[in-house]
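Q: Listed below are the residues making up each chain.
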Amino acid sequence: MKPSPNLDMLTPALRARFDAMIAHYPVKRSALVPMLLYAQDELGYLTPEVISGIAARLELDELAVREVIGYYSMLRLHPAGRYHVQVCTNISCQLRGADRIWEHCRARLQLENHQTTPDGLFSLEEVECIGACSWAPALQVNYDFHQQLTPEKVDEILDGYRQKGASS
Amino acid sequence: MPHSAEIRIVSRRFGNPEARTLAGYLADEGYQGLEKALAMTPEQIIEEMKVSGLRGRGGAGFPTGMKWSFVPKQSAKPKYILCNADESEPGTCKDRLVMEWDPFSIIEGMTIAARAIGSQQGYIFIRGEYRYLFAIVDRALEEAYAAGYLGKNIRGSGMDFFLYSHSGAGAYECGEESALMESLEGKRGLPRLKPPFPAIVGLYGGPTVINNVETLATVPHILRGGGAWYAAYGPPKNGGTRLFCLSGHINQPGVYELPLGFPLERMLQEVGGGILGGKPLKAVVPGGSSTPILTAAETAGLNMDYDSVAKLGTFLGSGGVVVLAQDTCMVKFALRIIRFYRHESCGWCVPCREGTHWLAQAIGRYHDGRGRASDVKLFEDVAANILGRTFCPLGDAAAMPILAIVRKFRAEFEAHATTAACPPAATTGASPAANETRRP
Ligand SMILES: Cc1cc2nc3c(=O)[nH]c(=O)nc-3n(C[C@H](O)[C@H](O)[C@H](O)COP(=O)(O)O)c2cc1C
Ligand code: SF4
Ligand code: FES
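First to last, the sequence lines map onto chains H and E. In terms of the numbering used here, the first sequence opens at residue 1 and continues consecutively. In terms of the numbering used here, the second sequence opens at residue 169 and continues consecutively.
Looking at chain E on its own, in the form it has when it is part of the complex:
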């Protein structure tokens, strides 16, 4: 159910099955963005995107207009547009809704992106587990081709654009942009060395723009309403709204579209209906499992935009806001996170492969009450040694959350080392603020 605080732009068609058909989409202002884009030069489109302040909704938060501007105008090799619909970051479940309810917005957004960078071909890379979405997306693609919104000479504009869906087959790493391209080329999803960046050398060696589902689905709205209109919803350089996936210990978990800069407290109390069981808040993961956790004290007065969250050393990431109530065992929580990264590490480089393995085993021992309290320091050291020393960002994604949890809830780890009871009674009080700024 929509909440009254929501501003529904990218989610405006959620819940309306008509919008999955081309007729229904057109009846609800569909393809007005492309109409405008077709009358603009590529430079004007990119400028409009820059004005909008739109930043990537997939994880890194890179400004979309700027990303598009890096693609060379002239290229001997074909250029590609990719939609990253791999959605696998734990805590994230929003792209699925965009594909389910508004597939044409992705198609339109990709067509506009294609016009901006001069691409004639693109792919929507959807995680294999989301099989039910292929029927919806493929049907929309078919309709778009049939009506001349895809294919040759789109709507008589002289522009050609061919777009296809593509299934993954289970691998978190394939959400990383270069690994996704490897997978799309029929290989294992091993990341590529950067630079060169995809904008210069991407899919099949051609210049490639890769964006998240939500990012691309927002593009038509920006063209339709204008960059300035969209930007005005959020604080400067943090344009617009985004989909926040509320999960965990919250009364009304769900996906809500809120303006950037929305106060976290209101998000939890008003939109999310308060903490489950009326318990006190313990911590919040602000943007998916790889983003460093915030203690309840740190979240006081926090506004949910990229820059405010970055000031606390963490990220808005993928929009997955995971809420933890006071009696949550942080050792168990950390263990589940590191087990995930151990499982997903592709094994290519040593710090990530060995580090995630070691951490999972050691934290597991603590959780069973078979650890030595003084070893907590080793968790920090090992995690800190993964950070910045791996081939692709998955290593960082594994190390960052562990470092934050261990530093901010150190006493809880120490107490758990010698008891299998969960959570250890001694530590369910306030979090040890003294440890928050500790460095190894």
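Chain H extracted, bound-state conformation:
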């Protein structure tokens, strides 16, 4: 018999956090979007198991949960790289040379938009404004901001993550 859907794949700390979050709303479903995002942060992507588990926890149809996942650009059904490089090319960044930064990232990582390196270390994405316009051009690696970029600075940043990835 298949076990009923659960959230055992998540850390106990995150499960406890979910319990606290759900209590913040008069309607349980309200916790859905942040729960999906935090689960993804732990697992790398939204696995079929965690989707079932979250649906069961909030007493929702899996289909409803999948519909929600499809709407939000940060939520994903497939793994990204361990370091997800998100380059803003929107107007404020464009005016400060974002195209050059984007091309530089593509060349350095040998990736096209939405691709992941074979070793799984890096993935690359062109993104919309990340709220760093006055410190443009900017990118985010996972949740970390890197601002006032130059190609040289990008090299340093990427090398830093490469080393971090190798040492752990």
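These aren't lab readings, by the way, just hints derived from the structure by calculation. Computed from a predicted model, the values in this text were never measured in an experiment. Careful: at least some of the hints might be erroneous.
Stated by the list, open to error - Under the rule of at most 30 Å between Cα atoms (straight-line distance), these lysine-lysine pairs were calculated in the DSSO-like manner:
{"hint": "1", "chain 1": "E", "residue 1": "K241", "chain 2": "H", "residue 2": "K28"}
{"hint": "2", "chain 1": "E", "residue 1": "K245", "chain 2": "E", "residue 2": "K355"}
{"hint": "3", "chain 1": "E", "residue 1": "K204", "chain 2": "H", "residue 2": "K28"}
What the hints assert, rightly or not - Have a look at the derived ranges for each label pair, beta carbon to beta carbon:
{"hint": "4", "chain 1": "H", "residue 1": "L63", "chain 2": "E", "residue 2": "R434", "range": "53 to 59 Å"}
{"hint": "5", "chain 1": "E", "residue 1": "A303", "chain 2": "H", "residue 2": "M9", "range": "23 to 29 Å"}
{"hint": "6", "chain 1": "H", "residue 1": "D119", "chain 2": "E", "residue 2": "L480", "range": "49 to 55 Å"}
{"hint": "7", "chain 1": "E", "residue 1": "S243", "chain 2": "H", "residue 2": "L63", "range": "30 to 36 Å"}
{"hint": "8", "chain 1": "E", "residue 1": "A244", "chain 2": "H", "residue 2": "D41", "range": "54 to 60 Å"}
{"hint": "9", "chain 1": "E", "residue 1": "H525", "chain 2": "H", "residue 2": "A64", "range": "23 to 29 Å"}
Note that the Cβ used here is the ideal one computed from N, Cα and C, for glycine as well.
Given chain H, work out where chain E with the ligands should sit, using these hints.
A: Chain E with the ligands only, in chain H's frame:
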């Protein structure tokens, strides 16, 4: 670095890490606004807000006191206060600083708003990309609960108010107030039909006030110093100061707090340190990517307040002032704007979904030099047909900037149609003023 022309009210605690703790906040006149508000009736609080002339800092510029006054006194359903911290309008990066440096000002402002409308619960909706801010905001919330500034019977006043942070997960549309409420209810961020407006039917069907981060963070200062004190910084009906995010071709980009009505020229030359590379100014986007662009000639003598900017057919919007120097390619600039709106269109209604798609493709062809110069007129027609014909304001937000850029820089588009060179050499001179008043 603060500039000497700045008047730091909402940004007064920026750069002071102490102010992130309750003790540091209290030591710097924190919670004096709430003290006063607790001794006032809800009507008196709303009156003080009206006197202040504070208008929303999120985009539409609606008077805050008036917005609060629309909430019915009696309601069978609970009332809610929401803080819009979705900050996703390209060119805007100020709310992030308020959350980073002064989280208690948002909590205090929301508590005062709750007292004014009789709400006992609220949420701070923060865009998912701003993960690092959750640690700061959640810590402040925890401290506020622990010290009795949130929760039951706040400071012995008999007032209850519960406030929580909530993460988005990437969607510009969720910054639109009704889409934000849908998202907070655990759904896709599709906008709701209005009316009813949120003040009557909002989150979970209850009366809801939704305000921008900066708007709410300004509230404690208004209560502390008085509405008249705050209003005096700006021209009539344009009370106070606001955070301007200077970006683009400017020597000292940054977020600066300046009184409303501050001359744009001084903002660029003095505060912003002049145009990058000493080049001539070509154009300015006054309030985030959705606000119609102004040519350099139009900006002459312009004061940056809601009403002066509106006279030129555009808006102060979200406070994102994007500066373009003379050699900027306007076709490329327009293309990046429309690609953004195409990406963010939720696809619900046809003019927005199809229009943004068509425009992005057609402008892209021009940019590659594969267009027909005479087709420029079609850009105007398509954009004009989106305007006012969509379910939510995102359609307008996409159409307005494109219409303005095409009308004001038409010759540049025509020249680019047949060359991939960027910007087309023929058009780097003065902007074609003759086209500025053209209508389709
Ligand atoms: C597509 C769209 C996106 C918006 N994004 C934001 C946003 O990120 N932050 C914000 O404060 N207001 C945003 N707004 C405006 C909100 O709908 C709403 O007017 C605002 O939060 C009200 O607060 P205020 O009166 O304090 O300005 C957006 C509006 C639209 C149409
Ligand atoms: S205008 Fe655009 S974003 Fe708004 S509902 Fe229609 S398709 Fe969706
Ligand atoms: S446009 Fe790149 S961070 Fe805003």
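Q: Compare the structure with each hint and give your call.
A: Here is what the structure says about each hint:
1. Taking the CA atoms of K241/E and K28/H, the gap is about 27 Å. The hint holds against a cut of 30 Å.
2. Between K245/E and K355/E, the direct Cα distance comes to roughly 21 Å. Compliance with the 30 Å bound is thereby established for this hinted pair.
3. As the CA atoms of K204/E and K28/H are separated by approximately 36 Å, the hinted pair breaks the 30 Å bound.
4. In this structure the hint that L63/H and R434/E lie 53 to 59 Å apart at CB holds, the actual value being about 56 Å.
5. Roughly 24 Å separates the CB atoms of A303/E and M9/H, a value that falls within the hinted 23 to 29 Å.
6. At about 53 Å, the beta-carbon gap between D119/H and L480/E stays in the expected band of 49 to 55 Å.
7. Taking 30 to 36 Å as the suggested C-beta distance range, the pair S243/E and L63/H conforms, at roughly 34 Å.
8. For the hinted restraint 54 to 60 Å between A244/E and D41/H, the CB-CB distance of approximately 39 Å leaves it violated.
9. Roughly 27 Å separates the CB atoms of H525/E and A64/H, a value that falls within the hinted 23 to 29 Å.
Violated hints for the displayed structure, listed by number in ascending order: 3 and 8.
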